[in-house]
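Enquirer: Listed here are the chains, written in short residue letters.
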Amino acid sequence: MSAILEVQNVTRRFTGLIAVNDVSFALQPKQILGVIGPNGAGKTTLISLISGTLPPSSGDILFEGTSMAGVPAYRRARLGIGRTFQIMRPFPGLSVLDNVAVGALFGHGGGDAKLAKAREQARAQLDFVGLGKNVDQRADELGGPGRKRLELAKALAMQPKVLLCDEVMAGLNHVEIDEVIDVIRKVRDEGISILVIEHVIKAIKSLSDRLLVLHHGEKIADGEPEAVLSNPAVVEAYLGKRRA
Amino acid sequence: MDLLAQILLNGILLGGLYAVMALGLALVWGVLNIVNLAHGSFIMLGAYVSWHLYTYLHIDPFLGLPITAVVMFGVGYALQRGLLNLIVRAPMFNTLLITFGIDVVLTYLAQMAFSADFRTINPSYAGNSIQLGVVVLPLARLLAFGVAIVLTVGMWLFLLHTRLGRAIRATAQNLVAARLYGVEPRHLYAMTFGIGIALAGAAGGLYGTVSQINPYIGGALTAKSFAIGIIGGLDNPLGVIVGGLALGIVESLAVLYIGATFADVASFSVLVLVLIVRPSGLLGRTA
Amino acid sequence: MTALRTALILIALAVLAAVPWFGSDVLVQFGINMLLLAVLAQGWNIIGGYTGYASFGNSVFYGLGSYGVGIAMVQWELPFAVGLVFGVVLSVVFAVLLGIPVLRLRGHYFAIATLALALVMAAIVSNVKLAGQNIGLVLPPLNNDVLFYESALGLLVVATLTIFWLSRSRFGFGLIAIRENEEGAAVMGVNTTLYKVLAFALSGVFSALAGGIHAYWVTFIDPESAFDISLNVKMIIMAVFGGPGTVLGPIVGAFSLSAISEFLSSEVTNIAGLFFGLVVVAAVVLMPRGLADVVRRFRKTGWRYFAENIRANRL
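Chains as they are written, first to last, in our numbering: chain C, 1 to 244; chain R, 1001 to 1287; chain E, 2001 to 2315.
Quick caveat, the hints were computed from the structure, so don't treat them as lab data.
Glycine residues also receive a C-beta, built at the ideal position from the N, C-alpha and C atoms.
Be careful, since some hints might not be right.
Here are the simulated distance ranges between beta carbons [unchecked claim]: (1) 1033(R) to 2168(E): 21 to 27 Å; (2) 2026(E) to 72(C): 51 to 57 Å; (3) 2225(E) to 1122(R): 57 to 63 Å; (4) 2026(E) to 1118(R): 31 to 37 Å.
Sample of chain E residues facing chain R (criterion: CB under 8 Å; computed from the structure) [stated by the list, open to error]: (5) 2102; (6) 2120; (7) 2124.
Some chain C residues judged to face chain E by a derived CB distance under 8 Å, without partners named [said to hold, decoys possible]: (8) 13; (9) 51; (10) 55; (11) 177.
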C-alpha cells in the first residue's frame, strides 16, 4: 500500500532558527496520523510546508507519489491537500455559507463553476460539521468553537484527499472535544487521510492510528500511540521542557 | 568634471532639505500608521508662517524657525486630538481619504488667505555664496542643509534617548506597551503628529528661502516626501537622510544628463524600483 | 433583486437616456462628465472595492485610452473604434506587465507604487514624439454631444453589468476571498496572482474606454490632462463614498458627489472646493463604509449609526 503523503528529509530554516530539522514520515490512505510535541516544536511549520504556504529549505514532499517541489499552495489545494488554520482565517465579511462556498468553488479539481451548486455543497458540509443552523450568520459573528467547525467545513468543501488539521480542539471543553473527534472519524470514513496536530493528549491518543512526536523540529518518535506515549524520550521531552 | 562635482554638491544640498521634508511624514507614518496625503500642504503652511514672520515682524527665517515649528506643532496637535484620533482604528485606507480632504481644505484656505501670488523669503544674505575650490555653495542652500541635518540627527537622538521619544517608538510597536510609559495614548498620538507637522513646518520655512511658495506647491512636495520616505525606509530617521540624499543626487544628475523634464521620471522610477525590489526601503528592516 | 428594484433601475436608466432630449446643452455636458467619472469609479471598484487592492494609478489606463484614440486617429488616420481597441490593448499590456510585480505589494505600498507609476507615465508620455510630446494632439472634431452622452451611458451600463456578473460568479468570489483574507484564499485553491492581474486588467479596460471617449469628445489631449493624477482620488472618493464592493455604490457616489460639486461651484464659487474637502472629511468620519451602508443600516439604528461609527474607530 503506497503512502498518499510522503515527507522526505524536510528541513526549514529561518534566520537564526531551524524550525523543522530533517523530518521524514509517511501518511497512509485512510489513516489518522497524530502529531504532538511541546510548543515551538515545529508542528505548524510542518503543516505550512505540506500545504505549500512555505517552501522547504531542503527535502521533498510527495503527494500521491508526485513531488510537490515548486507547486504553489493554490494548486496543492486543487490537487487535494486541504488544511485548517490554528489561528483561524475566516473571510470576515462573508456569511458562513459563502465562506464554505469558496472552498466548493475552488477546491479539488478546480471546483465547480456554478455558485448555486457550490452553495448547496457548502450547506451539506456545514450540516456535516454541525453548523447547519448558522449558515446565514456573518463569519466573524461565530464564537470560538463555531469558528473551529467553520474551518473544518471550509477545508472539507474542497473535497480533499488529505486533510491537515492544526489544533482543532484547542480551547474546547470535554463535550465539544468528543464531538470533534466524532466528526474527524466520520471524515476518515469518507475516505480522507488525516494528519492531526493536537495538544490534548487524551483526545489524540484515542483518535490516532499512529502518533508522531516532534521536539525542537526533530522527529523523536513514530509508531503506535501506546508505545510512543510510554517512550522515555517522549516523556522527557515534555517533562524536561517544563523543568527548563 | 568640475560640472559634475558642482551638480553632485547641488544634489547633496538639495538632499538635506528633502530629508527634512520627509522626516515628519516618515515619523507619522511609521509610528501612527497615518499616511498623510496633506503633508505637502503643511510644508506650504510652514513656509507661509515663516514668510509672515519675516515680512511683518522682520524675523530672520533661520532664526525664526523655532517659532514656525511651535506654531505648526500646535496646529498638528489640535488636528490629531480633535479629528484624526476619531478614525485611528478604522482601516488605513480611511486615513488616505481624510488626509486628502484635509489637503483640499488647506489648499483652499491658503488660496483665500494668501492669494495665489508667488512669494519668496529673501533675507539680504540669501544671494551670497561661498567658494570652495572649484565648487560654489549658495549660502541659503548651505544654511538650509545645515539646519536639515541638525533637525534630522536631533530627531534620531530624541527618539532614542528621551522618555517621550521612547514612548513614541513603543507606540509604533504596541499601544498597550506605550501606556506603560505613563503617557495617555490620545495625548501621545497628538504629540507625535504635532512633532511631525512641526518638522513639516520647519521644512517649509527652509524651503521658502531657496524656492518660491504659493498655495499649490503642496501636491508635488507630498509626492517627493513619499518617494524619499519609501526609498530610505520608514523604520529609521537616518533612512530619511539616505532617501533625501539619494533623491537629491538622482534628480540633479538626471537634470544634467537627460534633461529637466526627465528629473521627475527619474525620481519616481527609482521609487517604483525600490518598491518592487525592496519595499522596506534602503535602510529598513526586511519584513 | 426584487421586481420593484429592477423596475426602479430600468426607469432611472430610461430617464438618464432621455436627458439629451429634454435637457439643456450644459446639462448634457455635465452628464457626460458625470457618467464617465461613474465609469472610472466602477472600474476602480473591481480592483479596489472587490479585490481590496486600492489602486492610485488607474489614471494611467485612462491616459493610455485617451492616447490610444489620439494616436490612432491623428497619426495613423484610423477610425475611432480602432482607436478605442488600441487604447484597451495598451492598458491590458500595461496591467499585465506592471501588475505582476506591483500586485505583490500589500496595502498602502501597493497604493503608492501605483501612484508612482501614474506619475512616471505622465512624465514619459510628455517626451514621446508619437504622442505629440508636451504639446499634445488635436483630434478630428465631432460635434455630437448626444452621441457621446449615450456612449458614456452605454459604457456605464456595460461596466455595471460586468460588476453584477462579478458579484455572483466564481471569479468574483475569488476576488472577494482575496480581499477578505489573501492567504486563506490561496490555501483554498484560488490562484491569487492570476486573479489579481485579471482584476487589474479588467479595471483598466473600463478606464481606458472612458479615456478614449473623453478624448474624442474634447478633441484635445495633452499629457497633463490625460494622465491627470487627481482623477485617481476622484474615482476612489466616489466609489468609497457610494459604497465599495457593491454593484450600484460607485454610481451613487459619482452621481451625488458630482451633483454636490456642481451645485457648490455654481452657488458658492469661491469656496466650492473648500466645501468639497470638508464633505470628504466629514464623510470619512461619519460614514466610512459609504452611502450604501448608511442606507442599509439607518433603518435599523437611526441617527445613532453615525455615533457608532465614530465610537468603533476612535482611539
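Enquirer: Compare the structure with each hint and give your call.
Expert: To see whether the hints hold, each was checked on the structure:
1. 1033(R) to 2168(E): 21 to 27 Å: 35 Å, violated
2. 2026(E) to 72(C): 51 to 57 Å: 55 Å, holds
3. 2225(E) to 1122(R): 57 to 63 Å: Hint violated: Cβ distance 34 Å, outside 57 to 63 Å.
4. 2026(E) to 1118(R): 31 to 37 Å: Given a distance of about 34 Å, which is inside 31 to 37 Å, the answer is holds.
5. 2102: 7 Å, holds
6. 2120: 5 Å, holds
7. 2124: 6 Å, holds
8. 13: 21 Å, violated
9. 51: For residue 51(C), the interface hint holds, since the closest Cβ of chain E sits about 6 Å away, which is under 8 Å.
10. 55: 14 Å, violated
11. 177: 25 Å, violated
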